[in-house]
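With chain A fixed as given, assemble chain B onto it according to the hints.
Protein sequence lines correspond, in order, to chains A and B.
Take 163 as the starting number for the first sequence in the numbering used here and just add one per residue.
Take 43 as the starting number for the second sequence in the numbering used here and just add one per residue.
Where hints are given, some of them may not hold.
A few chain B residues facing chain A, derived, Cβ under 10 Å [what the hints assert, rightly or not]: (1) F69; (2) I102; (3) N115; (4) I118; (5) L136; (6) A138; (7) N168; (8) L175; (9) I233; (10) S235; (11) P236; (12) L237; (13) C238; (14) A311; (15) F330.
Since the hints were made in silico from the structure, they are not lab data.
From the three backbone atoms N, C-alpha and C, an ideal C-beta is built for every residue, glycine too.
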Amino acid sequence: MKGKKIKISWKEIKRQKFLMLCTLCFVIYGIIFYYVPLGGWIMAFQNYKAKDGFFGSQFVGLDKFKFLFSDSTFIQVIRNTLAMGVLNLVSTFVMAIVFAILLNEVRNTMGKKLVQTISYLPHFLSWIIVTGILHDALSSTGIVNELLVNSGILKTPINFFAHKEYFWPIVAFANVWKETGWNAIVYLAAITSIDPSLYEAATIDGAGRWAKIKNITLPGIKPTIMILLIMNIGNVLNAGFEVQYLLGNGLVKSVSDTIDIYTLTWGVGQNDYSLGTAAGIFKSVVAIILIVAANAFAKKTGEETLF
Amino acid sequence: MKKKTKMKKGPADIAFVICNTIILAAFVVITLYPVLNTVALSFNDGIDAVRGGIHLIPRIFTTQNYRTVFNKNNIITGAYISVARTVIGTILALAANSLLAYVVSRKRFIFRSQLSLFWVITMYVNGGMIPTLILYRNLGLTNSFWVYVIPGMIGAFNMLVMRTYMEGLPDGLEESAQIDGAGPFTIFVRIISPLCKPVYATVALFVAVGQWNSWFDAMLYNRMSPEYTTLQYELMKLLSSVMQQGGSANPGTTGASTAVTPVTVRAAATVATMLPIICLYPFLQRYFVTGMTIGSVKE
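This is chain A alone, in the form it adopts within the complex:
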């Protein structure tokens, strides 16, 4: 069937009328729920008032964007979003790869299966639950403070959520805790597809475990790492909402608030739809630039690309 081009003709359309009908429904649904909101971007260039609607509201050009970039809070939330996004990306990536490699070295099949099953668990829990139990673990009577005090590192328990310097690491840890086992699935699958004769040859040459990991396993999963990295770079800005919203508080606001929280605060809290939309557009545009740039970079270095 491949390569045979079907010509668009009335006869063909009539023959495929069921598929056409379905397509029509899916396109209408898609336009309403995915493409119409894009039309809402016009609000960012207006002083949108609900009572005036899209057509009656006053057009203000780039005023909302000018306000955004002169607002020091917005600059701060961009910094927070990027910093936490990059920190999360790097730490979850490294941990997943390390975990997959270490797990792959386990020879006991039962033990391997058990560890892997346990490692998926946090992925299936909601952020509400994860932040809740993390909050318990880090509270003044929680296990972390207890261990630190008992081992003499701390004299008195500290409130981790009241100190700005701990917020980013806590968020990164939460992401690592939740997703390491899950993210490792893809790497474990990639490791299994490496030609076993490479390992046998290396064993005969007297290579130890480290040498085999460094020279066979890592290069073997490099294409997988690259493609996942590109796919996730576009998501760097998306990774900044739930944990920050749930764990953030007044004391750490200046390091915890992200672009999405800013959008929520202004757009929903203050009913400034135009400003909220403008912040959302900025995020979307940066995400697209990041993904295109990452793809171009991969192409240049001869790696696997997304498109």
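Same frame as chain A, now just chain B:
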């Protein structure tokens, strides 16, 4: 294991195995401890829990926390809505995504690539929070149950996973059914769908877990309608009440005469919310793993 015992193990190798075992054991402890600690807290007396030092076993055992949780009307409502949105949302998503995947996987279909692209674009570009909120408001979806199940019905990622699977089925199946006079809808229901059970299970599970775990939609669209609250959203409110008090000794407003505090009540609600998932996921994980590996196949 048997294969390896034949090989001589050097001291470096033994050291590696020991280190590796320790690291993975630590990983398991770090993963499980906080969960088990929450379970222990949920069965512990509230006032006593404030003293701290509870690890894996409750110090003063009580089921009062659970009784408090299950006596709260908002949590019961939330549980009903959460179950309803999970069931209805999964059925709708499965029906819609599979039909769409079927349409775009028909090799003779003239608009297949255009329709695919139309949906792939939605993975990368979206209107954002505010325009979406205004759209739902205008469509009358806010303050209603349907906002949970209608807008997210089709997801491009789920559709692509299904499409990849359907494209792997042999062409001959459809052709022979056509010769027997079956129409496209009959082929979809009778021939293709039964063969797609594994991928349907995968997508159904992705959607079901997503529905069960989501809370933001309840907060953003249905804040004014307590009758459509969800379990996760109620849990989130409990969490923020705990955080505001900083886990202090104030007995909960939920019943000052009994020994419950926001911390232990929240722990009980957390356990009740994650119980269905913890019970089910070990049996269903292979479907998820299938989905992850199909999903990462390059376009």
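Grab the minimum C-beta distance from B:I102 to chain A and call the hint holds if it beats 10 Å, violated otherwise. violated, 15 Å
Can B:F330 be said to touch chain A, with a Cβ gap under 10 Å? holds, 8 Å
Is the interface hint for B:L136 satisfied, with its Cβ closer than 10 Å to some Cβ of chain A? Cβ of B:L136 sits 15 Å from chain A, so the hint is violated.
Mind checking the CB of B:N115 against every CB in chain A and telling me if the closest is under 10 Å? With Cβ-Cβ at 20 Å, over 10 Å, it is violated.
Using the nearest Cβ pair, does B:A138 come within less than 10 Å of chain A? OK, holds: B:A138 within 10 Å of chain A, min 8 Å.
Under 10 Å, Cβ to Cβ, is where B:S235 needs to be relative to chain A, so tell me if that hint holds or is violated. B:S235 check fails; min Cβ-Cβ to chain A is 15 Å, beyond 10 Å.
Status of the B:I233 interface restraint (C-beta, 10 Å, chain A): violated, 14 Å
Holds or violated: is the Cβ of B:A311 closer than 10 Å to a Cβ in chain A? holds, 9 Å
Checking hints one by one. Is B:I118 an interface residue toward chain A, by the C-beta closer than 10 Å rule? violated, 18 Å
With 10 Å as the cut and Cβ atoms as the points, is B:F69 at the interface with chain A? OK, holds: B:F69 within 10 Å of chain A, min 7 Å.
Take the shortest C-beta to C-beta distance between B:C238 and chain A; is it under 10 Å? Result: violated, 17 Å to nearest chain A Cβ.
B:L175 was flagged as interface toward chain A. Is the shortest Cβ-Cβ separation under 10 Å? Holds: closest Cβ of chain A sits about 7 Å from B:L175, inside 10 Å.
Comparing the model with each numbered hint stated earlier shows that hints 2, 3, 4, 5, 9, 10, 11, 12, 13 do not hold.
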